[in-house]
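Student: As a plain string of letters, each chain reads:
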Amino acid sequence: MPEDNSKDVLIEVKNLKKYFNVGAGAVLKAVDDVSFVIRKGETLGLVGESGCGKTTCGRTVLGLYGATDGHVIYEGVDIQGLKGKAKKDFTKKAQIIFQDPYASLNPRMTVGDIIAEGIDIHGMYRGAARTKKIYEMLDHVGLNREHASRFPHEFSGGQRQRIGIARALAIEPEFIVCDEPISALDVSIQAQIVNLLIKLQKEMGLTYLFIAHDLSMVKHISDRVGVMYLGNMMEFASSHDLYEKPLHPYTQALLSAIPVPDPEIEKNRERIKLEGEVPSPINPKPGCRFSARCKYAKPICFQERPQFKEVEKQHFVSCHLF
Amino acid sequence: MGKILEVKKLKVSYHTYAGEVQSVRGISFDLNENETLAVVGESGCGKSVTAKSIMRLIQTPPGEIKQGSEILFNGKDILKMQDEELRKLRGGQISMIFQDPMTSLNPTMKIGKQIAESIMIHRGLNAKDAFAEAVKMLETVNIPNSDKRANQYPHQFSGGMRQRAMIAIALACDPKILIADEPTTALDVTIQAQIMDLMKDLQDKLGTAIILITHDLGIVASVAHRIQVMYSGLIIERGKTEEIFKNPQHPYTWGLLLSVPRLDAVNKDVLYSLNGTPPDLLRPPVGCPFAARCEYAMAICNESMPEETKLSETHSVSCWLQHPMAPKVKSPLNAGGAE
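In order, the protein sequences belong to chains E and F. Its first residue numbered 1, the first sequence is counted upward by one per residue in our numbering. Its first residue numbered 323, the second sequence is counted upward by one per residue in our numbering.
Note that these hints are calculated values from the structure, not bench results. Since we're looking at a predicted model, the values are computed, not measured. For every residue, glycine included, the Cβ atom is placed at its ideal position computed from N, Cα and C.
Chain E regions said to be covered by chain F (calculated; three or more residues, Cβ under 8 Å):
hint	region
1	179-191
2	209-223
3	260-266
4	271-277
In isolation and in its complexed conformation, chain E is listed as follows (with noise of 0.2 Å):
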């Protein structure tokens, strides 16, 4: 893919792969060829049902995963070959936060400790500017003071999510994955946290990675999204283009079925049906991973997978009809 000469690029990634073996010879692809690039100071969006690869893809990224094979590069380096001191420096840029409030918190630390793990753990701040920084970022994602001794179990699921983001920035990161962190929140505190987020992302020039399955969020709060399906990347285009003309049979379905808060619309709207679920990613068929379920399935796309090409300027599918 996606040769991308603007000088802005943060991070590169060129086929990457990510298999897990689950036993008796089988493998699970859950990453399989993925190559895209993010831009400094942009928020790509990730969006795919479960299962897709999207959260294995933010995680091999990070480098939590070690990749099959392909690579990273983040500003030159690929980060896959860093050791010691110099994967250490590359955590402090890149930080991640949880889809789940309540199991990505320490239940025996207070806020203040949870929030300054990362500054203890890079000697950045002691004593009392340690807990001004605390104090600081707590300011920053709209909690209060106080907050900082007491303990997670003692806030609601937004707050949580605030501490999960002041604890992500509080090392001055640039470049954080948001993994799904709102699908486990109401509707109304939903709106808080990406509000939230937009604004911390013009305070100090952050560079998202924002997986979600909500496309309507996803489209919101992104710049450029990439569309997965069973670990492929099926489409990738800014997200303005994607909505407005999505090219791929999948992305297609998924945008039709997202229900819209309007009965009349509701009334006229014509459902591009899926048929079936997502076939399972262990020892997947050859050819192209939707072609199961695509009505416009011909003979080829069950045996060859499909080139990543650019179709129109900047918008790349995956797809035998283009």
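Here the structure of chain E is known, so what remains is to put chain F in place on it, guided by the hints.
Tutor: Chain F alone, transformed into the frame defined by chain E:
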């Protein structure tokens, strides 16, 4: 369309160490035959507690359905029924599907047998006939190879299929009412669309009345006939689906509608968000419970709870803005907030 269910002044509390949590604070509503009623609200607003009360599934203690509450099913008070009657009601007349299909199915029992169980109990069929009927039910909910699938366990099913199996169990005995408590929250959008379509088809076929509980206004638009919005144990607005979407009157309903980003909206605009969180129901406020989060709140809102104002035969709202002396406030929905 006759009334099949009447809930009158339902009050439910939970007794905890900290005190009495008033989960549902005196709500009344009806359900008609063959209609879908959506109950919408945030976590903790009492929507699931309402559903459980109808099935008499509130554990006592710590829960308590207060004196004076009535839930009439075809004129008969569910709250006064004896165990024997209740057993016939649950699963036979009224059945329920839960949010998480993994934890509500028995992991050690074959799917077919779980469906057959209720058929044997309520319809008196023998094991063999009931199992055959279960296979038929799986077919009805569009599970392919249903005879083979009936002999499998829940872990061999995907999330969407488990939810279908739950629906099959719920509908196996032709219930009059189906209560669906967040049936699609744990599922992907494509599967969510399939499940909602399935519920609609089955309603057309079987004439079941559905109570759909959700926090997602999006899915409600396509399936519900009527909507009631709940907030901290009260119904604050109710009406036909068109009325709630086209002409919502409560500021909380506006907030709910506005906080859903629309695909036709501008990117990275600040989303409308309701600040703060719902009130603590240990000590519910004397006034309108939404006042603390409401940008239109007036002095009176903190002092006393507004009466329900009827806007049409079907549409009503509890808000002081409806008072003739209140300032005229324009809904931010029409002011271009959603455009």
